[in-house]
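Mind docking these for me? Both chains are given alone in their own frames, and the hints should help you get the complex.
So the sequence lines, in the order shown, correspond to chains A and B.
Read the first sequence against the numbering used here and you will find it ends at 151, with the numbers running on by one and no gaps.
Read the second sequence against the numbering used here and you will find it ends at 602, with the numbers running on by one and no gaps.
Because the hints were derived from the structure by calculation, they are not lab data.
Keep in mind it's a predicted model, so treat the numbers as computed, not measured.
Mixed in with the good hints there might be a few duds.
Here are some chain B residues the structure puts well away from chain A; computed CB gaps all over 10 Å [said to hold, decoys possible]:
(1) T156
(2) P162
(3) L179
(4) T230
(5) W272
(6) W315
(7) F425
(8) P433
(9) I575
(10) Q587
Stretch by stretch, here's where chain B covers chain A in the computed footprint (C-beta under 8 Å, at least three residues) [stated by the list, open to error]:
(11) 65-74
(12) 91-105
Selected chain A positions facing chain B (Cβ under 8 Å, derived; list incomplete) [what the hints assert, rightly or not]:
(13) S32
(14) H33
(15) E60
(16) P77
(17) K120
(18) S123
Using N, Cα and C, we set each Cβ at its ideal position, and we do this for glycine too.
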Amino acid sequence: MIEGLSRNAARNIFLGGSIIFFIIFVGLTAHSHYYIVTESTNHEGLTESVKLGKHVWERESCINCHSLLGEGAYFAPELGNVWLRYGGADDPEAARQGIKSWIKLQPLGVPGRRQMPSYKHLSEEELDALVDFFRWTSEIDTQDWPPTISG
Amino acid sequence: MKYQTQKVAYPFFIAALLLFAGQVLFGLLAGAVYVWPEFMAEAMPFHIMRMSHTNLLVVWLLIGFFGATYYLLPEETETELHSPMIAYIQLGIFVFAGAAALISYQFGIHEGREFLEQPMWIKILLTISFLMFLYNGSRTLLAGRRTAISMILMAGLWLAAIFWLFAFYNPANLSLDKMYWWYVIHLWVEGVWGLIMASLLAYLLVKMSGVDREIIEKWLYVIVGLVLFAGLLGTGHHYYWIGTPSYWQPLGNIFGALEVLPLFSMVVFTFYMFWQGSRNHPNKAAILWTLGCAVMAFFGAGVWGLMHNMSWVNYYSHGTQVTAAHGHLAFYGAYVMLNLAIITYAMPQLRGKLPYNQIRNMWSFWLMTGGMAFMTFTLTFAGVVQTHLQRVMGQNYMATQDQIWVFYAMRFSAGIIVVIGALIFLWATLGKAREQRPKGDAHVASGISDG
Numbered sequence: 001m002i003e004g005l006s007r008n009a010a011r012n013i014f015l016g017g018s019i020i021f022f023i024i025f026v027g028l029t030a031h032s033h034y035y036i037v038t039e040s041t042n043h044e045g046l047t048e049s050v051k052l053g054k055h056v057w058e059r060e061s062c063i064n065c066h067s068l069l070g071e072g073a074y075f076a077p078e079l080g081n082v083w084l085r086y087g088g089a090d091d092p093e094a095a096r097q098g099i100k101s102w103i104k105l106q107p108l109g110v111p112g113r114r115q116m117p118s119y120k121h122l123s124e125e126e127l128d129a130l131v132d133f134f135r136w137t138s139e140i141d142t143q144d145w146p147p148t149i150s151g
Numbered sequence: 152m153k154y155q156t157q158k159v160a161y162p163f164f165i166a167a168l169l170l171f172a173g174q175v176l177f178g179l180l181a182g183a184v185y186v187w188p189e190f191m192a193e194a195m196p197f198h199i200m201r202m203s204h205t206n207l208l209v210v211w212l213l214i215g216f217f218g219a220t221y222y223l224l225p226e227e228t229e230t231e232l233h234s235p236m237i238a239y240i241q242l243g244i245f246v247f248a249g250a251a252a253l254i255s256y257q258f259g260i261h262e263g264r265e266f267l268e269q270p271m272w273i274k275i276l277l278t279i280s281f282l283m284f285l286y287n288g289s290r291t292l293l294a295g296r297r298t299a300i301s302m303i304l305m306a307g308l309w310l311a312a313i314f315w316l317f318a319f320y321n322p323a324n325l326s327l328d329k330m331y332w333w334y335v336i337h338l339w340v341e342g343v344w345g346l347i348m349a350s351l352l353a354y355l356l357v358k359m360s361g362v363d364r365e366i367i368e369k370w371l372y373v374i375v376g377l378v379l380f381a382g383l384l385g386t387g388h389h390y391y392w393i394g395t396p397s398y399w400q401p402l403g404n405i406f407g408a409l410e411v412l413p414l415f416s417m418v419v420f421t422f423y424m425f426w427q428g429s430r431n432h433p434n435k436a437a438i439l440w441t442l443g444c445a446v447m448a449f450f451g452a453g454v455w456g457l458m459h460n461m462s463w464v465n466y467y468s469h470g471t472q473v474t475a476a477h478g479h480l481a482f483y484g485a486y487v488m489l490n491l492a493i494i495t496y497a498m499p500q501l502r503g504k505l506p507y508n509q510i511r512n513m514w515s516f517w518l519m520t521g522g523m524a525f526m527t528f529t530l531t532f533a534g535v536v537q538t539h540l541q542r543v544m545g546q547n548y549m550a551t552q553d554q555i556w557v558f559y560a561m562r563f564s565a566g567i568i569v570v571i572g573a574l575i576f577l578w579a580t581l582g583k584a585r586e587q588r589p590k591g592d593a594h595v596a597s598g599i600s601d602g
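This is chain B alone, in the form it adopts within the complex (with noise of 0.2 Å):
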């Protein structure tokens, strides 16, 4: 660690976690209710749970983009934070909000509307929190060298806290509100989220593949120029049924399509910069993490979300367990991915130490991307069953359900392996170390690798 400020990182990471902690128990609890339909339903129903689960995965996954810019850009600038202290305040204030909101959430008190249920004081909190943010990383970023990756890492946070303002706007007309709503929705996780997910690959790529900044920065305005190309008027495909025009649907129809090559050319990016590099990073957990990355967002957001993104199919899948699928491999892929990345990488350094538990850190990789594949397939074919008995033949809901049963029940195994993942991986992070370095390190390093 260069700078003594970017260990304020170090507790952004540790409130990260906890949450991720929370929020696959969450997830496990809602699994369950579908499995045992009766399950808890009297001390915590269904919807609190849900919501429960997905704020806390927002919030989470926020507070490890702040510490991974915090970490980060005295490193991008040359020149420490422009204030410790507002940070950690930040992240006071983050966490508390956070916090209550959940909690308040278990008395009935919350809004809403879909992912922002949060009570409008809350709202706030989080508003003020994020500002305070943007002060002192942008205050940061004016003091010191301009690199590309923390120029659009930080506009990747402007933009989302800009939308975000769009949670407060919330009109008596229904389609006006759900259009609307997408503005924050989509905007963040397939827009301006994804020059976040970007510029953090890139720098991960730029410490542990050892390839020139040149190259990488020039790979990462074409990746975000993709991902905005086709992200901005993709939002299309979320305007097909909600009283919107009937020319969202060739956009969507096109752009949606289009939104397959940011992910695949972030697949390419990092396998290229890591072949193309000399540099043999002592870190191979992180690397792991990077690549799984790259390859789970290509799948989850790429592939998963093209395969009912088209109009014409949609038509019969929009709002079924093919969209639940899509949704947790996206999410675990691109954004979960992302942040557990970035944590493996930094973590030894604000630790004081080398890199450590990864051996540990792999399991925790293989076992939580393994469920999340294997309930990705089970949704996915809950979803394909229930398109077809309740929206080709007419068969109603609840008695479609029952058909799909045994695919919950599959889910519900897969939920509590990448449970037991994420527990290992904080058990490998937050725990005691025990460094390990590759065997054979030395014999790599001395330069056969560099053919």
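Isolated chain A (complex conformation) (with noise of 0.2 Å):
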């Protein structure tokens, strides 16, 4: 099949198809970025709070453990849905407060179960911002993902 190629007309194909390539990836990007500034998430309900949590939750780089939509290190449950797994949608303050009061119980120390390191440096307003971040993470329209509750 590649003999009748030549080494010059493998080296156009290649630069050519390749730029053409880049274009249409960098043009659909682009297009996606504007759609999820206009469409997929809540743009504008990015609060200080939420920038903050989501600083808090790279500070301690929570994804070396869990996983946010998918992506991480799957040791831990996926917290892209957290806020509603809690009843969220139903009952935003018992939500709130059974998040926070799950990570100040860290670690549980029950044997045999995975440890979650100890949060309790992080304050008041810390624990909160990270709610809130969670709560927007779950309002992103993630095409019906994931499958189940259970995330």
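Written as structure tokens, this is what we have:
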């Protein structure tokens, strides 16, 4: 199949094709950027608290145990829908208190169970921000992923 | 070794291999936590082990690529390196930055995006070192003969550095964050690193198979064309569930499936060239790693990727142990084995010897490759069971994990084999050298294999 092709022709196909596909890719991500900001996420709802929550999430590197929208370490539960798992859609205040007290309880110290480290150094404001971040994340239009509430 | 400055590759390879040993040891620790959940829970929590494991991987692979580039550029360009001094300084900065990241992680100092955990000042040091490397390599390239191999290799490294810059962009909107995060992660491992891989394989084939450069470079262009044609829009298979539009599903399905083609073509490429070539190269271990790299990359990245990158499959399997299985074999096959192939090929010249400790080296090949294959199978089974229980039946995460413990125990055993294999590789390449050539070499070289 390759005998009829010269090296220079192969090079030109490589260069031309790559540039075309790259332009298409950048164009589609540009559109996706617009779609994310206007349609699929609550971009206006990015309050200071949600931003702080994302910062806490990153500072503590939660992603290296948990996953968020399916990306992460898979060692601990998915948290993209943790707000919904705690019933945030029906009773926001109960969900907030539930998530916060769960974090404060760590480490559980249950024998034979994976141990989440202590997060007792988080302030009340940071815990609330983290919950706000989870709530904001649960509202992203993820094409109905995950398939079950268990995440 | 025809050119004096090729020897700068030597400290790069030593540094890469030592960090490789660290990487697999952290992997073993993390694997142990899956089996004994309280293991080191206080001393070193799981997230620290995991970021140490993944960061060391990326750092040593890059140092290996740098070393490989410095090794082959003088031969390809037919000129000495622009500046060995820049190379040594650049290596010092990179190793220092990598070590500083590793140490700071142990004290809980890190950022929090997956694989990009390095504190800002370390990211900046890595960037400076990378730019020094690109300057040094590009000056060498401009001063000498420009071959397709050296051009594509340097293009791959330049593009890797450019896409790395997205590591500095962290928007507050999580969906945007994730979309551009993949500009680094996917466009590296399934895009521009593919250029690095194909060009390094092509270099090894030019050296060891004896096939005409003209033919090998034509294949190289076809393969890297396939890599980018499929790989760029193949990013779509990461854009299914993060808040991006639904058109990424058909795009991810089509181009995700096409991503198998460049990987399969690399298998055909390597085997066909050795079949065609008349040279009977005495470094059999390097040939084994070269062929093994193409094969395992095809299975790990290609087959295991295809298994779960269709959106209707991924809807259920996304973020389960299926992904972990794929990730392990893909990185091992494509990039670990590639580096080990280059190191196995170059070390005898760098140490001024004929190929040495080949048997030991090939033992390490089979132990590591066998161990990684077993690890991948166990994680795949774990992932399939997890997908069913958690994503179909809706059982909660922790209860599901209890059900798949046995696979984690088997994975840990496989991990021990991989670590033993890696240590034997270090012993074979860095330890006392005993020159070994296959028996019957003279007989084969006399022309019987040419048919």
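Hint-by-hint comparison with the structure:
no., hint, result
1, T156, "28 Å, holds"
2, P162, "31 Å, holds"
3, L179, "15 Å, holds"
4, T230, "22 Å, holds"
5, W272, "16 Å, holds"
6, W315, "17 Å, holds"
7, F425, "16 Å, holds"
8, P433, "29 Å, holds"
9, I575, "29 Å, holds"
10, Q587, "36 Å, holds"
11, 65-74, "holds (count 9)"
12, 91-105, "violated (count 0)"
13, S32, "5 Å, holds"
14, H33, "6 Å, holds"
15, E60, "7 Å, holds"
16, P77, "4 Å, holds"
17, K120, "14 Å, violated"
18, S123, "17 Å, violated"
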